[in-house]
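Residue numbers (UniProt numbering): 1 to 640.
It is possible that part of the hints are untrue.
[Claimed, not checked] Cut-off 25 Å, straight-line C-alpha distance, at most; resulting in silico cross-link-like pairs (DSS-like, lysine-lysine):
1) Lys90 <-> Lys40
2) Lys89 <-> Lys53
3) Lys132 <-> Lys53
4) Lys51 <-> Lys536
5) Lys53 <-> Lys222
6) Lys318 <-> Lys308
7) Lys308 <-> Lys259
[Claimed, not checked] Simulated DEER-style distance windows between Cβ atoms:
8) Leu317 <-> Asp256: 37 to 45 Å
9) Arg339 <-> Asn311: 40 to 48 Å
10) Ile66 <-> His177: 35 to 43 Å
11) Tyr430 <-> Leu377: 47 to 55 Å
Since the hints were made in silico from the structure, they are not lab data.
From a predicted model like this one, the values you see are computed outputs, not experimental measurements.
Ideal Cβ placement from N, Cα and C applies to all residues, glycine included.
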Amino acid sequence: MPLARSLSMTSLNGLLQCEDEDLPVEDLLLFEISWEVANKVGGIYTVIQTKAKTTADEWGENYFLIGPYFEQNVKTQVEFSEPPNPAVKKAMDTMKSQGCQLSCQFDDKPNIIAHFHEWQAGVGLILSRSQKLPVATIFTTHATLLGRYLCAASIDFYNNLDQFDIDKEAGERQIYHRYCMERASVHCAHVFTTVSQITATEAEHMLKKSPDVVTPNGLNIKKFSAMHEFQNLHSMYKARIQEFIRGHFYGHLDFDLDKTLFFFIAGRYEFSNKGADMFLEALSRLNFLLRVHKADVTVIVFFIMPAKTNNFNVETLKGQAVRKQLWDTAQSVKEKFGRKLYNALLKGEIPDLNKILDRDDISIMKRAIFSTQRHSLPPVTTHNMIDDSNDPILNTIRRIGLFNNRTDRVKVILHPEFLSSTSPLLPLDYEEFVRGCHLGVFPSYYEPWGYTPAECTVMGIPSVTTNLSGFGCFMQEHVADPEAYGIYIVDRRFRSPDESCNQLTQFLYGFCQQNRRQRIIQRNRTERLSDLLDWKYLGRYYMHARHLALSRTFPDKFEMEPSAPPKTEGFRFPRPSSVPPSPSVSQHSSPHHSEAEDEDEDERYDEDEEAERDRQNIKSPFSLGALPQGKKKQHGEYRN
Numbered sequence: 001m002p003l004a005r006s007l008s009m010t011s012l013n014g015l016l017q018c019e020d021e022d023l024p025v026e027d028l029l030l031f032e033i034s035w036e037v038a039n040k041v042g043g044i045y046t047v048i049q050t051k052a053k054t055t056a057d058e059w060g061e062n063y064f065l066i067g068p069y070f071e072q073n074v075k076t077q078v079e080f081s082e083p084p085n086p087a088v089k090k091a092m093d094t095m096k097s098q099g100c101q102l103s104c105q106f107d108d109k110p111n112i113i114a115h116f117h118e119w120q121a122g123v124g125l126i127l128s129r130s131q132k133l134p135v136a137t138i139f140t141t142h143a144t145l146l147g148r149y150l151c152a153a154s155i156d157f158y159n160n161l162d163q164f165d166i167d168k169e170a171g172e173r174q175i176y177h178r179y180c181m182e183r184a185s186v187h188c189a190h191v192f193t194t195v196s197q198i199t200a201t202e203a204e205h206m207l208k209k210s211p212d213v214v215t216p217n218g219l220n221i222k223k224f225s226a227m228h229e230f231q232n233l234h235s236m237y238k239a240r241i242q243e244f245i246r247g248h249f250y251g252h253l254d255f256d257l258d259k260t261l262f263f264f265i266a267g268r269y270e271f272s273n274k275g276a277d278m279f280l281e282a283l284s285r286l287n288f289l290l291r292v293h294k295a296d297v298t299v300i301v302f303f304i305m306p307a308k309t310n311n312f313n314v315e316t317l318k319g320q321a322v323r324k325q326l327w328d329t330a331q332s333v334k335e336k337f338g339r340k341l342y343n344a345l346l347k348g349e350i351p352d353l354n355k356i357l358d359r360d361d362i363s364i365m366k367r368a369i370f371s372t373q374r375h376s377l378p379p380v381t382t383h384n385m386i387d388d389s390n391d392p393i394l395n396t397i398r399r400i401g402l403f404n405n406r407t408d409r410v411k412v413i414l415h416p417e418f419l420s421s422t423s424p425l426l427p428l429d430y431e432e433f434v435r436g437c438h439l440g441v442f443p444s445y446y447e448p449w450g451y452t453p454a455e456c457t458v459m460g461i462p463s464v465t466t467n468l469s470g471f472g473c474f475m476q477e478h479v480a481d482p483e484a485y486g487i488y489i490v491d492r493r494f495r496s497p498d499e500s501c502n503q504l505t506q507f508l509y510g511f512c513q514q515n516r517r518q519r520i521i522q523r524n525r526t527e528r529l530s531d532l533l534d535w536k537y538l539g540r541y542y543m544h545a546r547h548l549a550l551s552r553t554f555p556d557k558f559e560m561e562p563s564a565p566p567k568t569e570g571f572r573f574p575r576p577s578s579v580p581p582s583p584s585v586s587q588h589s590s591p592h593h594s595e596a597e598d599e600d601e602d603e604r605y606d607e608d609e610e611a612e613r614d615r616q617n618i619k620s621p622f623s624l625g626a627l628p629q630g631k632k633k634q635h636g637e638y639r640n
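With these hints in hand, go ahead and build the complete structure from the sequences.
Now the structure itself:
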């Protein structure tokens, strides 16, 4: 049974889509095993959840997901049913008889593929190989265990990859047993994969093996029939965020909300790994630049990073109560005013505006104004932190002095809790919140892939990432001018910490200089990149890993052409024709640029023309190597 390349390509909105025509899935079983199947812990949950539909469409009832049994998760995420496969049913019955609790969402066939994610699932892989079971095994590491620990300790990681005593480092951090399971899984698997080229380099040194296939992470892309629909969602959810801001900054609302930009960073509370340290330093420098240039732009930055708290901050709750009270007062006065105006117009009279409001109305409004008086600054956090004095974000805010003063052009809000539409403070889900913001900032030092900027991209929201994240490297390979498409990539690998921080500051400052039309144009370009991240395109790398595992496990039945491995590199989106060729032309020296420049850009920009050019470009064949042509590995990298 020859296993040829079997990567038949068809058009998917201009992208290359794979169909697994030559792989006899009806004669195979595919098991995918992870601790995060129906159990949200981190990004792997998103990988498996979003990929499940594409894989199920390909494999049908021969695709099974295996994960831990947690009663609450099972009740909300799993439908009970009997497995249609007799062999699987027999195995489940045997396990149940031995006291295991199982649930199943889904011919006794000999060819099995088992795909294990991370070291927690690696035990099954190691036992399968030690018992010589006829199973094709794949192991995927989404981030090396030791790499995450070393980076969290602020060690110069990427500059010393070949210098670490791996066993010693794992032993000192008391993770040696887990590290051994991870490394054994890597070396036992028929096929070893990881999610990005930067993690592949890390795995080569930490796990002593290079991946066979790089499998970038994707998302399920929801495309709108009209381009303006996602722009309308941005406006709608931005208005919801503005309502929260009106309450949070009551008494200090001396800035124009129509000229206010919302930036955010979100993810696990890993202060250095996620780049929160560099982001705060860049915000301090941005605040200085905006004040020096007397910019009329205000930037409000949200830190959505869960931490231990003692519930909501009283001052924050009071702010929302004051806002609601003012709204109710305004509505009451408006109703009385409108009724008097209506009656006067019915009589054919022009009402005396000095008499249309009586003393009671004036008193009510005076009391409302008095209630907005505030003798303290707006809080920098929405919750009471359990360990306030040792919190790294709050301590950095204290050091750089971003306390939400009236003179500050950059204001900070730490929201140490996951967002929820049922919250009394900010009643928005994460997706709604992201759509309402202007820019996501994720200057991570350690980010094997980076779902947060990817999610921004598919929602048409520009983002900042780094060349140490899988997503940032992926975009550099695919997009000729990422910045023009709203993907700002900070160089944290080949620059010093101060240089990287300055670069991030310039990105933020340049974004603040854009007018509303320029931001709309950029969001259109950003949203067009979403096809790059669709599982219907990226799923082919998982297909290839499965093909390779079968050919290595069952060489008599499956063969693979030597030229078959797909590359993570592909076509490159061109520089948009409306973008000036010189960075010096595309960026202004101060926030006060001329309207003539805006008119010139409007004349250059044609959304339909650019979109059509992209559609033609992404259909082009692609054959790039591991590094862009002409790029050499650089030495003397900085830890930053």
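Taking the hints in turn, this is what the structure says about them:
1. Lys90 <-> Lys40: 29 Å, violated
2. Lys89 <-> Lys53: At roughly 23 Å apart (the allowed maximum being 25 Å), lysine 53 and lysine 89 satisfy the hint.
3. Lys132 <-> Lys53: Violated, at about 31 Å.
4. Lys51 <-> Lys536: 9 Å, holds
5. Lys53 <-> Lys222: 13 Å, holds
6. Lys318 <-> Lys308: Holds, because 21 Å separates the two Cα atoms, which is no more than 25 Å.
7. Lys308 <-> Lys259: At roughly 34 Å apart (the allowed maximum being 25 Å), lysine 259 and lysine 308 break the hint.
8. Leu317 <-> Asp256: 37 to 45 Å: With Cβ atoms ~26 Å apart, the hint is violated.
9. Arg339 <-> Asn311: 40 to 48 Å: 42 Å, holds
10. Ile66 <-> His177: 35 to 43 Å: 22 Å, violated
11. Tyr430 <-> Leu377: 47 to 55 Å: Violated: the Cβ-Cβ distance is about 28 Å, outside 47 to 55 Å.
Violated hints for the displayed structure, listed by number in ascending order: 1, 3, 7, 8, 10, 11.
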